[in-house]
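In the order they appear, the protein sequences are chains A and B. When you read off a place in the first sequence, starting at 1, and then add 27, the result is the number in the numbering used here. When you read off a place in the second sequence, starting at 1, and then add 27, the result is the number in the numbering used here.
Rather than coming from a laboratory, the hints here were simulated on the basis of the structure. Just so you know, even glycine gets a beta-carbon here, dropped at the ideal spot from N, CA and C. Just so you know, nobody snuck in bad clues.
A few chain B residues facing chain A, derived, Cβ under 10 Å: (1) F74; (2) Y130; (3) H153.
Far from chain A, by Cβ distances over 12 Å, these chain B residues were calculated: (4) D49; (5) E51; (6) Q140.
Protein chains: 2
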Amino acid sequence: MEELQPTERTRLKRLPQRGSFDRETVYRIIDTALFCHVGFVHNDAPFVVPTLHVRIGARLYVHGSAASRMLRTAAGGVPLCVTVTHVDGLVLARSAFHHSINYRSAVILGVAQEVTDPDAKLRVLHALVEHVVPGRWQDARPPHPKELAATSVLGLPITEASAKIRPGGPGDDAEDYALPIWAGVIPLKMVTGAPVADERLMGGVKVPEYVANYLLPDARRDPQWQRGWNEPSVTT
Amino acid sequence: MEELQPTERTRLKRLPQRGSFDRETVYRIIDTALFCHVGFVHNDAPFVVPTLHVRIGARLYVHGSAASRMLRTAAGGVPLCVTVTHVDGLVLARSAFHHSINYRSAVILGVAQEVTDPDAKLRVLHALVEHVVPGRWQDARPPHPKELAATSVLGLPITEASAKIRPGGPGDDAEDYALPIWAGVIPLKMVTGAPVADERLMGGVKVPEYVANYLLPDARRDPQWQRGWNEPSVTT
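The following block holds chain A by itself, in its conformation from the complex (with noise of 0.2 Å):
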């Protein structure tokens, strides 16, 4: 897979070694995460707005009502920034000054095109609710012509892109090695519960195996995401 291109805007300038161009791991930022935030620009200020992704190929498509601010103004042709975040630990160092986080991000930066074709808007619904739960498409309700019609759906071109990874243990100053404080990282990560079925499910409709196996797109994609995770320690 091809690099992607640096540019002014996607190079960093600090700590370059967190950084990366590779298409690859950009894309696998992008599909182990359920949600992004989208940054657009209305009236000369930035909006910030939290929604679902799927990628398809090489572009990144996020949907929402018509009637939204985000998909009205994005649908307009304006520069988006969609930047996709898992938070992996914190990281605490000897000194306050290395304390740190450790991350997968990703941002992508473009133009996006809005979807009109009804089939193609399908296709990305579609593969949008796979993307958040692997099997339910089948099972939902297809959308009827007037719920595809107000529903928005945009696409971004992974074009300008870049990853930012800051894995591992803290990184203290040499001399405060010898220091006697505790440093370490304590994992974070996302998991699911047991699944709580509607108050009016239809009798006899058992949890079907997709929901009673649900596994996030980390641990979909990754076999290692669960091994070595350890009971958290906050229980009650």
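Keeping the supplied structure of chain A fixed, place chain B upon it in accordance with the hints.
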């Protein structure tokens, strides 16, 4: 606590029942999150950057390297949008259209001011470290004047702000309740793993109590948080 004043920019046009201008609600969403996404405009383009935050009174503070684009841009008195997002669950409705996400989010719009006084900066950094890991500040080696100078701190007044919350189960169209389709919620939450000590830890240094019993902000503020939480179904 007085209500926040809605503005054209923070008033919800769609689903206004999900919105809140209650200051306490906004504060709670901010205080139970470790990090936020800061949006700013640079050369007419939006940028969205994840960063840690802490609230002190009616101000939200972020920090970073004085050299970073975000801090350099934002310190120049440009409009910011800070979005804080908790994702609490996947909502599976009977119709694809009504699938949703349970979330709690807050948006703060405004112009940040740089905190330049070293004592004031130190107070914010102290609060920030204590927000992320309560008990840590007294153990860590405090910042040298040089480190303090290399750190920029920005304070954003929480004046133009709102919260948006989507709790509960799916909301389907009346006729869809008769469909034999499973519907409900897959709860999501962030949890901690067992602390991982740095390989270069000085001999004899024990894991501090505040690390061993670390609680994420949501668990800290809400004794209900862990109750009823089942084992992640995703174990190998």
